[in-house]
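Student: Below, each chain spelled out in residue letters.
Protein chains: 4
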Amino acid sequence: MSRKTELQPWQWPDDHWKKLINRVWGGTTYRPKQWKNGARCAVALSFDSDHETNELRDGGTSYGRMQWGQYANRVGIPKVLTFLEKEAIPATFYVPAVVALTYPDEQRRVIKEGHEIGIHGWIHEVNSTLPYEHERDLMLRAADALEKITGVRPVGLRTPSWDFSRDRLLIEKELGVLYDSSLMGDVDCYQLLLDGEDTGIVELPVEWIRDDAAYLLMQRFGSLRPYIAPADIFDIFRREFDGAYAEGGIFQLTMHPHVIGYRSRFWILEELVNHIKAHEGIWFATHADVAAYAKQFG
Amino acid sequence: MSRKTELQPWQWPDDHWKKLINRVWGGTTYRPKQWKNGARCAVALSFDSDHETNELRDGGTSYGRMQWGQYANRVGIPKVLTFLEKEAIPATFYVPAVVALTYPDEQRRVIKEGHEIGIHGWIHEVNSTLPYEHERDLMLRAADALEKITGVRPVGLRTPSWDFSRDRLLIEKELGVLYDSSLMGDVDCYQLLLDGEDTGIVELPVEWIRDDAAYLLMQRFGSLRPYIAPADIFDIFRREFDGAYAEGGIFQLTMHPHVIGYRSRFWILEELVNHIKAHEGIWFATHADVAAYAKQFG
Amino acid sequence: MSRKTELQPWQWPDDHWKKLINRVWGGTTYRPKQWKNGARCAVALSFDSDHETNELRDGGTSYGRMQWGQYANRVGIPKVLTFLEKEAIPATFYVPAVVALTYPDEQRRVIKEGHEIGIHGWIHEVNSTLPYEHERDLMLRAADALEKITGVRPVGLRTPSWDFSRDRLLIEKELGVLYDSSLMGDVDCYQLLLDGEDTGIVELPVEWIRDDAAYLLMQRFGSLRPYIAPADIFDIFRREFDGAYAEGGIFQLTMHPHVIGYRSRFWILEELVNHIKAHEGIWFATHADVAAYAKQFG
Amino acid sequence: MSRKTELQPWQWPDDHWKKLINRVWGGTTYRPKQWKNGARCAVALSFDSDHETNELRDGGTSYGRMQWGQYANRVGIPKVLTFLEKEAIPATFYVPAVVALTYPDEQRRVIKEGHEIGIHGWIHEVNSTLPYEHERDLMLRAADALEKITGVRPVGLRTPSWDFSRDRLLIEKELGVLYDSSLMGDVDCYQLLLDGEDTGIVELPVEWIRDDAAYLLMQRFGSLRPYIAPADIFDIFRREFDGAYAEGGIFQLTMHPHVIGYRSRFWILEELVNHIKAHEGIWFATHADVAAYAKQFG
Chain L
732 MSRKTELQPW
742 QWPDDHWKKL
752 INRVWGGTTY
762 RPKQWKNGAR
772 CAVALSFDSD
782 HETNELRDGG
792 TSYGRMQWGQ
802 YANRVGIPKV
812 LTFLEKEAIP
822 ATFYVPAVVA
832 LTYPDEQRRV
842 IKEGHEIGIH
852 GWIHEVNSTL
862 PYEHERDLML
872 RAADALEKIT
882 GVRPVGLRTP
892 SWDFSRDRLL
902 IEKELGVLYD
912 SSLMGDVDCY
922 QLLLDGEDTG
932 IVELPVEWIR
942 DDAAYLLMQR
952 FGSLRPYIAP
962 ADIFDIFRRE
972 FDGAYAEGGI
982 FQLTMHPHVI
992 GYRSRFWILE
1002 ELVNHIKAHE
1012 GIWFATHADV
1022 AAYAKQFG
Chain C
732 MSRKTELQPW
742 QWPDDHWKKL
752 INRVWGGTTY
762 RPKQWKNGAR
772 CAVALSFDSD
782 HETNELRDGG
792 TSYGRMQWGQ
802 YANRVGIPKV
812 LTFLEKEAIP
822 ATFYVPAVVA
832 LTYPDEQRRV
842 IKEGHEIGIH
852 GWIHEVNSTL
862 PYEHERDLML
872 RAADALEKIT
882 GVRPVGLRTP
892 SWDFSRDRLL
902 IEKELGVLYD
912 SSLMGDVDCY
922 QLLLDGEDTG
932 IVELPVEWIR
942 DDAAYLLMQR
952 FGSLRPYIAP
962 ADIFDIFRRE
972 FDGAYAEGGI
982 FQLTMHPHVI
992 GYRSRFWILE
1002 ELVNHIKAHE
1012 GIWFATHADV
1022 AAYAKQFG
Chain F
732 MSRKTELQPW
742 QWPDDHWKKL
752 INRVWGGTTY
762 RPKQWKNGAR
772 CAVALSFDSD
782 HETNELRDGG
792 TSYGRMQWGQ
802 YANRVGIPKV
812 LTFLEKEAIP
822 ATFYVPAVVA
832 LTYPDEQRRV
842 IKEGHEIGIH
852 GWIHEVNSTL
862 PYEHERDLML
872 RAADALEKIT
882 GVRPVGLRTP
892 SWDFSRDRLL
902 IEKELGVLYD
912 SSLMGDVDCY
922 QLLLDGEDTG
932 IVELPVEWIR
942 DDAAYLLMQR
952 FGSLRPYIAP
962 ADIFDIFRRE
972 FDGAYAEGGI
982 FQLTMHPHVI
992 GYRSRFWILE
1002 ELVNHIKAHE
1012 GIWFATHADV
1022 AAYAKQFG
Chain P
732 MSRKTELQPW
742 QWPDDHWKKL
752 INRVWGGTTY
762 RPKQWKNGAR
772 CAVALSFDSD
782 HETNELRDGG
792 TSYGRMQWGQ
802 YANRVGIPKV
812 LTFLEKEAIP
822 ATFYVPAVVA
832 LTYPDEQRRV
842 IKEGHEIGIH
852 GWIHEVNSTL
862 PYEHERDLML
872 RAADALEKIT
882 GVRPVGLRTP
892 SWDFSRDRLL
902 IEKELGVLYD
912 SSLMGDVDCY
922 QLLLDGEDTG
932 IVELPVEWIR
942 DDAAYLLMQR
952 FGSLRPYIAP
962 ADIFDIFRRE
972 FDGAYAEGGI
982 FQLTMHPHVI
992 GYRSRFWILE
1002 ELVNHIKAHE
1012 GIWFATHADV
1022 AAYAKQFG
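Sequence order for the protein chains is L, C, F and P. With positions in the first sequence counted from 1, the corresponding number in our numbering is that position plus 731. With positions in the second sequence counted from 1, the corresponding number in our numbering is that position plus 731. With positions in the third sequence counted from 1, the corresponding number in our numbering is that position plus 731. With positions in the fourth sequence counted from 1, the corresponding number in our numbering is that position plus 731.
Just chain L, with the same shape it has in the complex (with noise of 0.2 angstroms):
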């Protein structure tokens, strides 16, 4: 009686592991021989406003942890909103539909200044351990709630924790979204493929070394520690633009509120934003204005 799924992955046999390579797959390269207005390199910023439901998720027990989100709202989100402002920067933000459901006046502020939101899930929850019809209902109510919040319907969506699934893909194609910014296959927007077949999806594709999280967070009874110098991660972001602007891709990076949002770390993106705008032909844009244009374009 021994199932595919009880053998070791060693034992699995060939069109086994295929079909699960083949599964979630990288069509064609969307890459733009130039951006929008000629520009030589796009950049795409985001912050995931997670705020309280990263402690949720795991149970809610922790009321220091809870706090991020009062500090994401509190300091956070107004730091990093009157510094898009002053420099005229439109960036993404990704919202889990609590936070939105708690928060919803900083959802409206950072539609009416002229970011996009897109979906990040109900509670931040790790939706690959959820059951297909529990996921589905969680992203679609999360679609309505926050087109009910801001007035507009997200057009793109970041899982949580970038965790994936074929599930997942299902539910998004169902969706209809432009885009998903979730996945790491490539540097340039691409084509997704669910079992071989085109989704109509673009990924803009996201890193952990894209991401201050990667290496800011820390956990208290776990290692997880601060254990980079903020020059160091300033350095690593500044390459990794360095690099798109010289090959005339995209530079995308992950933030959040309650991670870039103090005073030892916000430099990083200031100096960042410094080091850009010294270069000439930047389109500054949104993750739906890139993945729409890289789809047309590329």
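Heads up, some of the hints might be wrong.
No copy is singled out in the list; a pair is fine if it fits within one copy or between any two copies.
Calculated pairs, SDA-like style, for lysine to any residue (alpha carbon to alpha carbon, straight line, at most 20 angstroms) [as the list claims (entries may be wrong)]:
| # | residue 1 | residue 2 |
| --- | --- | --- |
| 1 | 750 | 790 |
| 2 | 810 | 938 |
| 3 | 749 | 907 |
| 4 | 1026 | 771 |
| 5 | 749 | 796 |
| 6 | 764 | 978 |
| 7 | 767 | 878 |
| 8 | 817 | 974 |
| 9 | 767 | 979 |
| 10 | 1026 | 925 |
| 11 | 764 | 945 |
| 12 | 749 | 872 |
| 13 | 879 | 763 |
| 14 | 749 | 879 |
| 15 | 749 | 843 |
| 16 | 879 | 769 |
| 17 | 767 | 857 |
| 18 | 750 | 793 |
| 19 | 749 | 835 |
| 20 | 749 | 789 |
FYI, nobody ran anything at the bench for these hints, they're computed from the structure.
Could you slot chains C, F and P onto chain L? The hints should help.
Tutor: Showing chains C, F and P alone in chain L's frame:
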């Protein structure tokens, strides 16, 4: 027989997560236009005198870690007090009752030299795991022990490990403390609300970013290590101060005698104080004085 | 009924630990007075093309990690091959059979451009956990698969995760490989002994110190993070080379297309090659060529 | 039937935690006004020759880690001894009996070249987990083995992993050693008290801060990594020395042949010795000599 507590967070009805978020909430921000005597920036240094209690709390079986207490008492605290006296800086020491009972003379010297002692639990217990009655009993006994030894009743506290709970805040309210310094919801002082009601307690917020132990602790049989260069820690603390000074706010810092009190680390504090003193309009004060001033004039 | 294997290590009779230590032992050092064409220092660069197999080996459930394969094939490997061609440097690629079967054209390009491909397991299995017959079967099939795809029979191998065992060495001996590159017993090549007997296999030693993945991997739900600045990794690799050059030895380096192949990291390899080429008497060679030369002239 | 040991630490009666704290306590500080021949600062370098025993202690199943022994014997120890001879510096080597029995010539060379060998357990066992009789038996046999191989009876010891216990100290007292070098209660030598009674043993304190392994070890299937730049480790060690020199104390350092003995790391020790020798009034001495001097004149 499905009960709320058995539901997964992504299945919670909205009123459940709303209740959790609302439980410990930050109300009014207390931000004075200027600090005492017209100072531009308040500097609140603190030292958590945990000594043997981190290890005792975990069972007291590691005599290696237990010697942190010896080190703190023989080397760390004298080094800190000598330095503070030379620089004429008042600071706040958070002391578990077990430490005060083991090293009473140390506490009396702290008070005699003009510093504040705040409550820091009985034996550095993880309070969120305790039944309410036990937590309450420990906290009341801790306050009494500190008062009996030093002759001064503490007016503020810091939860061990910055571990917070609803019970915690209830007990703090009953104790009638002026302030708490365990939460991370802002950079300024703020009003603490319990289930939406004012507790009368001021929060003087802390951050792992401004905590020496977050960067420098190590556990032999785990993977915590002091992976970051002391010069990088200095740079983080310096930037935190620079931001506080630029905004006219508070620079709050948490240290530990058994963490900062080493030859390769203590220079961080010395150089930081040099850097701070090179600025005009600094008010060095205890946490109690900063909290009281913020509440009155903020 | 107490059996040896049930004893604690500190209870083992001496013959037991002696047997364990003696099992895989380094014999004669193979250290040529000079390298090919009178070169002073041999430089052996290698790339482990693990692609999807690290995740498949763990169950294949994370589509995020699975995309490492997409990235390595779309971006990493082309970047590496283009660079090696420009610099005219031969290198060695260790490729699990599952990767070769998924990306056969990639392997054929590697061979066509003058590089070596070595065995790297079937699906990056943790070989020390496998029964002998299974491990043997996987290794023989892996050798055949690589030969069938590329037309060249591999002469060397590297165990996935540098995980070694007595069985492993038995199978390597049966396969009749020229060399192994998985152990860390020296800085020079050396003879591999199995239970005291010569296996005829040369060890070309590796080290975590000279492995990009040791510094740069991350696991979302663990605490592995890329905590060290790329500039510091460059400095470590450079010092390893400088030492090898000073001693007239081998500079061996292990990289991964899905680790080094990013805009903020690839400069480490570029700058390292610049640094190396600024020295006289460098012999860039595949692992097979270095091992063969060391065995013949060492 | 509630027994003390079943109580949570926060429920312990005061006499219980007092007993635990008092068990291994630091008495009189032994701090000479000056060191031998009027030297201002004592420098005590040590090397823990763990070789294969870290892995054997954990079961001996990883042949990768087991090769640490090969590396230490073939490369690490020769590099260390050659350097110490060139610099004319005596040092102390702590050697588990299993290592001494496996590499007896190595130990005889260490002694012949004027260094000290101290006890370091039988097989690097975690002594705090052993029953008293077993721990005692291992320690006595370890002392005998070292004496038999080298002809010199050890006068000091370091517990493997700096793991201490009350039993440990009882056995040390029975062995009549001059000193222990495993605890961290001070920067100066001090008297070791057991349950308040003098043991006659001097503690020459160590610190993770001054241990190469604390920064540089790695575990393949855990999250320990050498995340810190060698230059930063040098800076930490240098500052520890500078502080010791400024205070006229001891600079004690712990290294491991299989940790420091690499081309990218050994310069830390070389440069450190250069730095130290640029100062007047340095006494390089074995741990035994420093401990004896401190006890006599402190």
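Student: It remains to establish, for every hint, whether it holds in the given structure.
Tutor: Here is what the structure says about each hint:
In this homomeric assembly, residue 750 and residue 790 come within 20 angstroms of each other (Cα to Cα) only across copies, at 13 angstroms, whereas the closest approach inside a single copy is 35 angstroms. In this assembly of identical chains, the alpha carbons of residue 810 and residue 938 lie at most 20 angstroms apart only when taken from different copies (17 angstroms versus 24 angstroms within one copy). In the homo-oligomer, the alpha carbons of residue 749 and residue 907 never lie at most 20 angstroms apart, since the shortest distance is 27 angstroms inside one protomer and 30 angstroms across protomers. For a Cα distance limit of 20 angstroms, the shortest separation of residue 1026 from residue 771 inside one copy, 17 angstroms, qualifies, whereas the shortest one across copies, 53 angstroms, does not.
For a Cα distance limit of 20 angstroms, the shortest separation of residue 749 from residue 796 across copies, 16 angstroms, qualifies, whereas the shortest one inside one copy, 41 angstroms, does not. When the C-alpha separation of residue 764 and residue 978 is checked against a cutoff of 20 angstroms, the pair qualifies only within one copy, where the shortest distance is 10 angstroms, while the shortest distance between copies is 44 angstroms. Proximity of residue 767 and residue 878 under a CA criterion of 20 angstroms is satisfied in neither setting, with 27 angstroms inside one chain copy and 48 angstroms between copies. In this assembly of identical chains, residue 817 and residue 974 lie within 20 angstroms of each other by CA distance solely across copies; the values are 18 angstroms between and 26 angstroms within a copy.
With identical chains, the CA atoms of residue 767 and residue 979 are at most 20 angstroms apart within one copy only, with a shortest distance of 12 angstroms there and 42 angstroms across copies. In the homo-oligomer, the alpha carbons of residue 1026 and residue 925 lie at most 20 angstroms apart inside one protomer (17 angstroms), although the nearest pairing across protomers, at 50 angstroms, exceeds that limit. Taking the shortest Cα distances, residue 764 and residue 945 never come within 20 angstroms of each other, neither inside one copy (31 angstroms) nor across copies (37 angstroms). For a Cα distance limit of 20 angstroms, the shortest separation of residue 749 from residue 872 across copies, 17 angstroms, qualifies, whereas the shortest one inside one copy, 34 angstroms, does not.
Taking the shortest alpha-carbon separations for residue 879 and residue 763, neither the intra-copy value of 34 angstroms nor the inter-copy value of 38 angstroms comes in at or below 20 angstroms. With identical chains, the CA atoms of residue 749 and residue 879 are at most 20 angstroms apart between copies only, with a shortest distance of 18 angstroms across copies and 42 angstroms within one. In this assembly of identical chains, the alpha carbons of residue 749 and residue 843 never lie at most 20 angstroms apart, being 46 angstroms within a copy and 26 angstroms across copies at closest. Neither within a single protomer nor between protomers do residue 879 and residue 769 lie at most 20 angstroms apart by alpha-carbon distance, with minima of 36 angstroms and 47 angstroms respectively.
When the C-alpha separation of residue 767 and residue 857 is checked against a cutoff of 20 angstroms, the pair qualifies neither within a copy, at 36 angstroms, nor between copies, at 48 angstroms. For the identical chains of this complex, residue 750 and residue 793 are inter-copy neighbours only, at 14 angstroms across copies versus 40 angstroms inside a copy, given an alpha-carbon limit of 20 angstroms. Taking the closest pair of Cα atoms, residue 749 and residue 835 come within 20 angstroms of each other only across two copies (13 angstroms); inside a single copy the shortest separation is 45 angstroms, beyond that limit. Taking the closest pair of Cα atoms, residue 749 and residue 789 come within 20 angstroms of each other only across two copies (15 angstroms); inside a single copy the shortest separation is 34 angstroms, beyond that limit.
Against the hints set out earlier in the document, violations occur for numbers 3, 7, 11, 13, 15, 16 and 17.
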